[in-house]
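Student: Listed below, chain by chain, are the residues.
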Amino acid sequence: MTAPAPSVVPVPAPRPKALFEYLQRLGDDRLILGHRLSEWCGHGPILEEDIALANVALDLLGQATIFLRMAGEVEGQGRDEDALAYFREAVEFRNCQLVELPKGDFAFTIARQFLFDVYDVVLLDALTKSTNAELAAIAAKSLKEARYHVRHSGEWMLKLGDGTEESHRRVQTALDTLWRFTGELFAADQIDAELAASGVAPDLAALKPQWESLVRDVLDRATLTTPNDVPRLPNAKGGRSGAHTEHLGHLLAEMQIVARSHPGATW
Amino acid sequence: MIRHLGAASRDEVLAVLDTVMDPEVPVLSVRELGIVRDVLVDDRGGVTVVVTPTYSGCPAIQVIERDILAALAAAGFDNAKVRTTYSPAWTTDWIPDSARAKLKAYGIAPPGTVADNGALVQLMRVRQAPPCPYCDSRDTEIRSEFGSTACKSVCWCRNCRQPFEEFKAI
Chain A
5 MTAPAPSVVP
15 VPAPRPKALF
25 EYLQRLGDDR
35 LILGHRLSEW
45 CGHGPILEED
55 IALANVALDL
65 LGQATIFLRM
75 AGEVEGQGRD
85 EDALAYFREA
95 VEFRNCQLVE
105 LPKGDFAFTI
115 ARQFLFDVYD
125 VVLLDALTKS
135 TNAELAAIAA
145 KSLKEARYHV
155 RHSGEWMLKL
165 GDGTEESHRR
175 VQTALDTLWR
185 FTGELFAADQ
195 IDAELAASGV
205 APDLAALKPQ
215 WESLVRDVLD
225 RATLTTPNDV
235 PRLPNAKGGR
245 SGAHTEHLGH
255 LLAEMQIVAR
265 SHPGATW
Chain B
3 MIRHLGAASR
13 DEVLAVLDTV
23 MDPEVPVLSV
33 RELGIVRDVL
43 VDDRGGVTVV
53 VTPTYSGCPA
63 IQVIERDILA
73 ALAAAGFDNA
83 KVRTTYSPAW
93 TTDWIPDSAR
103 AKLKAYGIAP
113 PGTVADNGAL
123 VQLMRVRQAP
133 PCPYCDSRDT
143 EIRSEFGSTA
153 CKSVCWCRNC
163 RQPFEEFKAI
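Respectively, the protein sequence lines represent chains A and B. Read in the numbering used here, the first sequence has 116 at position 112, and its numbers run on one by one without any break. Read in the numbering used here, the second sequence has 116 at position 114, and its numbers run on one by one without any break.
Any given hint could turn out to be false.
[Said to hold, decoys possible] Stretch-level coverage of chain B by chain A, calculated; a stretch enters the list once three of its residues show a Cβ under 8 Å from a Cβ in chain A:
hint, segment
1, 46-60
2, 84-92
3, 148-155
[Claimed, not checked] Here are the simulated distance ranges between beta carbons:
hint, chain 1, residue 1, chain 2, residue 2, range
4, B, Asp99, A, Ile261, 41 to 51 Å
5, B, Ala121, A, His254, 35 to 45 Å
6, A, Glu250, B, Ala17, 56 to 66 Å
7, B, Arg68, A, Thr230, 42 to 52 Å
8, B, Asp13, A, Gly253, 54 to 64 Å
[Stated by the list, open to error] Result set (BS3-like, lysine-lysine): computed pairs, CA atoms no more than 27 Å apart in a straight line:
hint, chain 1, residue 1, chain 2, residue 2
9, A, Lys212, A, Lys107
10, A, Lys148, A, Lys107
11, B, Lys106, A, Lys148
12, B, Lys104, A, Lys148
13, A, Lys107, A, Lys163
14, A, Lys212, A, Lys163
Worth flagging that the hints you see were computed from the coordinates, not collected in a lab. For glycine and all other residues, C-beta sits at the position ideal for the given N, C-alpha and C.
Use the sequences and the hints to build the structure in full.
Tutor: Here is the structure:
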């Protein structure tokens, strides 16, 4: 009896080091953006919005926990999600620069969130087809939450853009400032290429047209002008390789101080 | 205490889990919420409860795991373990009708069915606000998709003029 021919050509699994890098990117985007959103807690423009931003922050923090836990397991050096969140230096963080920028005014926070949320649903949707079953499961779960998030930030884009002269001006200014940071979201490097080759992660460049079309659709309806300069990397090397703006260090100082001042503390 | 575990014991474990209530919605058990996905009993009597979180960031999940282990230990299952799974992703569609009635009696509008047209970016709610759990009026509105916990939204009843929470469909 001959063995049946395999129906699919087996794809090589990526090196654990590459997968570790990639999982940190997924985890760190969420950890840092979740922290920025949490800065609104107690400062939201209205109570409902204060609660909404805290809810989204909590979802992102939960997702970060799951991705960074998996990252620690893949690395195999005994680091858990807390070790990665609280005991890495800024140059070791792999988040994009978009998420680390200071929260700005409410329009800036919403515009940044909207640009990220659309990227997030597009990316997570693609990751549900990952050849890594664990990653696909986490993506499917996170996607449900991300679709809630983009409805929230997208509806606010409509309200602010098609609102008063002041709200329109503020959200347009925010978009113009943020736009150049979106280039990094789709700038694939060797890690992305290795993971895409093994089917673990999608081809980032292929996701960009979908992102752009979804973003433009909402901006048009919000009477906002989509910035037309070509998005490009803010630096030659971006946050994915550890090159960050000066803002990340300040954020980490606040986020990490308790864990570093009292290592091993429990409650 | 030494337990002899078999198929009957799995039912015993499930009966214990029926007594473990969700810390944030204490009228529903962790089984009714769909958090418990499976109970495994190995041939050496080890019990593993497979759970899935409602939301990724649900802070209650650690309390739930602790409560499950404590309840099982109290019932004589000393070496139980809890394992987390993310697939399939939790959905409110798993909450049975009997549990939905308990939610309503507790003052929380039960979740509707998950409305999904498949679009990744779906703005502007098309769904109706749920009926008021207090007076059953349909003259209600959704005030905010985000409430006191990740799983609830905030609504307003124009008839009895009071706010109420809705367990949101996801």
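Student: All the hints need checking, so say for each whether the structure fits it.
Tutor: Hints versus structure:
Requiring three or more residues with a Cβ within less than 8 Å of a Cβ of chain A, the coverage given for the segment 46-60 of chain B holds, as 5 such residues are present. Figure legend: the segment 84-92 of chain B, annotated as covered by chain A; annotation consistent (6 residues with Cβ-Cβ distances under 8 Å, at least 3 required). Coverage of the segment 148-155 of chain B by chain A holds [criterion: at least 3 residues with CB-CB distance below 8 Å; count 4]. Separated by about 49 Å at the C-beta atoms, aspartate 99/B and isoleucine 261/A satisfy the suggested range of 41 to 51 Å.
Take alanine 121/B and histidine 254/A: their Cβ atoms lie about 38 Å apart, and the range 35 to 45 Å holds. The hinted range of 56 to 66 Å is satisfied by glutamate 250/A and alanine 17/B, whose Cβ atoms lie roughly 58 Å apart. A beta carbon spacing of about 49 Å between arginine 68/B and threonine 230/A agrees with the range 42 to 52 Å that was offered as a hint. About 56 Å separates the C-beta atoms of aspartate 13/B and glycine 253/A, a value consistent with the hinted range of 54 to 64 Å.
A C-alpha spacing of about 25 Å is found between lysine 212/A and lysine 107/A, which places the hinted pair at or below 27 Å, so the restraint holds. Restraint check for lysine 148/A and lysine 107/A: satisfied, since their Cα atoms lie roughly 25 Å apart, inside the 27 Å limit. For the proposed pair lysine 106/B and lysine 148/A, the alpha carbon gap of about 24 Å is at most 27 Å, so the pair holds. Proposed proximity of lysine 104/B and lysine 148/A is supported: the alpha carbons are some 25 Å apart, at most 27 Å.
Restraint check for lysine 107/A and lysine 163/A: satisfied, since their Cα atoms lie roughly 19 Å apart, inside the 27 Å limit. Only pairs whose Cα atoms come within 27 Å are accepted, and lysine 212/A paired with lysine 163/A is accepted, the gap being roughly 25 Å.
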